[in-house]
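One-letter residues, chain by chain:
2 protein chains.
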Amino acid sequence: MAGTDSTKHPDAALAGRPAPAIILVEPQLGENIGMAARAMLNCELTDLRLVNPRDGWPSDDALSASSGAIQVIEGARVFETTPDAVADLNLVFATTARKRDMTSRVVTPRQAAAKIHEFMGGDGNRAGVLFGREAKGLKNDDVTQADAIIMAPVNPAFSSLNLAQAVYAIGYEWYLAAIGDEPSPQLATSKETRPANKAELNSMIQHLADELDEAGFFHVAEKRPVMVRNLRNMFQRANLTEQEIRTLRGVITSLTRKPEK
Amino acid sequence: MAGTDSTKHPDAALAGRPAPAIILVEPQLGENIGMAARAMLNCELTDLRLVNPRDGWPSDDALSASSGAIQVIEGARVFETTPDAVADLNLVFATTARKRDMTSRVVTPRQAAAKIHEFMGGDGNRAGVLFGREAKGLKNDDVTQADAIIMAPVNPAFSSLNLAQAVYAIGYEWYLAAIGDEPSPQLATSKETRPANKAELNSMIQHLADELDEAGFFHVAEKRPVMVRNLRNMFQRANLTEQEIRTLRGVITSLTRKPEK
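Sequence order for the protein chains is H and D. Here the first sequence is numbered in this note's numbering, starting from 1 and rising by one per residue. Here the second sequence is numbered in this note's numbering, starting from 1 and rising by one per residue.
Derived by calculation from the structure, the hints in this document are not laboratory data. Hints may contain errors.
Reference listing, derived: stretches of chain H covered by chain D, where coverage requires no fewer than 3 residues with Cβ under 8 Å from a Cβ of chain D [as the list claims (entries may be wrong)]:
| id | segment |
| --- | --- |
| 1 | 20 to 33 |
| 2 | 40 to 46 |
Pairs of lysine-lysine residues, derived as PhoX-like cross-links and limited to a Cα-Cα distance of at most 25 Å, are as follows [unchecked claim]:
| id | chain 1 | residue 1 | chain 2 | residue 2 |
| --- | --- | --- | --- | --- |
| 3 | H | K115 | H | K139 |
| 4 | D | K198 | D | K223 |
| 5 | D | K136 | H | K223 |
| 6 | D | K198 | H | K223 |
Using N, Cα and C, we set each Cβ at its ideal position, and we do this for glycine too.
Start from the sequences, fold in the hints, and give me the full structure.
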């Protein structure tokens with residue numbers, strides 16, 4: 001029955017499922033709050049909490065930077081302190097960009113997401129993730145509110161995620177955990193030769209298209225682009241090797257050779 | 001020797017390893033190019049290619065939005081067409097936000113990252129990922145340059161990743177694949193102390209149990225073992241350091257000090 005399909009739709013699948021809260025501690029720019037809200041809604045996260053936002057709340061800048069994530073912005077709750085913001089949560093993570101001189105468990109976003117997903121399956125369990133101020137991050141007093149620290153793996157020589165990207169890294173992993181990742185399909189590659197590069201593929205397609213023009217294959221001029229694209233897709237999907245491209249060019253040449261008189 | 005440590009440093013580990021190119025097709029705002037460059041460098045991606053950027057190149061807006069990812073901005077190369085930009089690549093993915101009415105393989109960022117990482121281990125193999133214009137995405141003609149499509153799992157009711165976030169989703173997954181298996185959860189410890197050993201933990205628990213005996217805490221003798229075990233479990237889960245154990249012992253001592261007469 002058609003109706004049963006809806007349970008497999010990601011939207012329906014997550015609709016009734018609890019999702020973690022995102023807690024921004026002392027965010028400075030409304031624009032960054034808006035971009036974080038946008039990142040959240042992409043991942044079906046809607047519980048946004050703000051601790052003492054510098055420029056006040058509500059914020060027009062946040063609303064316009066949210067690109068339409070209005071339900072997140074309008075549903076946001078403001079708290080005076082971090083302990084107030086996490087009072088109802090029983091699993092809290094703190095995101096930090098650098099190691100703290102503190103004793104805490106450190107996990108990756110993926111590990112945190114798996115834990116949150118598993119944890120929230122329990123009755124009445126509520127989880128949340130703390131994010132600090134732009135540039136400065138969380139204060140140690142905020143970090144102590146958390147059960148563990150999340151550090152996203154980043155270039156040790158350039159560790160500079162913006163707030164919305166940090167939120168997105170967590171949201172993305174949580175969303176994958178919640179909907180379940182698909183098994184990896186294989187793209188076949190041959191060992192005899194090397195995969196063709198795009199210049200080789202494109203010039204073979206061009207060769208073919210030229211010959212088809214010559215042969216009057218494209219009766220209807222307007223349809224030529226889509227027909228060439230369809231041909232191209234077929235060859236592209238074949239994951240051709242450089243050797244195969246040469247073979248195909250030989251085929252084209254051979255097929256179009258004018259009979260000797 | 002101190003010098004050998006550098007090979008285990010993540011920076012050094014990736015330094016000699018090929019990384020995929022990020023190709024932005026007809027990006028509009030320099031600011032978005034800069035934010036994408038910033039996202040890239042967090043993931044040790046440096047090969048940025050721009051196809052026909054609307055506002056020209058170089059761009060002051062891009063440089064300032066890159067937050068210091070200068071090497072990516074200054075190393076960026078500009079191409080007139082997408083086929084030119086991917087000519088030297090032999091594995092290309094195209095990112096799209098929605099399903100296309102085309103026959104193509106669709107993979108997740110994680111699947112694409114695993115494939116890119118595996119593929120680039122082969123001699124001379126080069127890979128890249130195409131990203132379309134802000135809001136509009138890639139044209140079908142650009143998508144046909146790719147071997148497969150990457151779609152990040154997003155809320156079907158709100159699919160609105162900005163360009164830098166889309167780049168970051170791919171970069172993040174590739175970086176995880178490149179640095180190897182995720183670091184296992186670890187205990188970050190400050191430099192002044194070390195994780196407590198079991199003798200220290202046990203003797204603290206013994207101290208506590210003795211004091212509780214003294215205070216008449218264990219009314220029912222048969223339940224004492226399980227109650228002590230439960231207490232022990234709580235402290236065990238805390239992964240205490242040696243310093244923290246000493247602090248706790250101080251707490252116990254302090255709480256049980258007899259008032260002076």
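Could you work out which earlier hints the structure fails to respect and list their numbers in ascending sequence?
1 and 6
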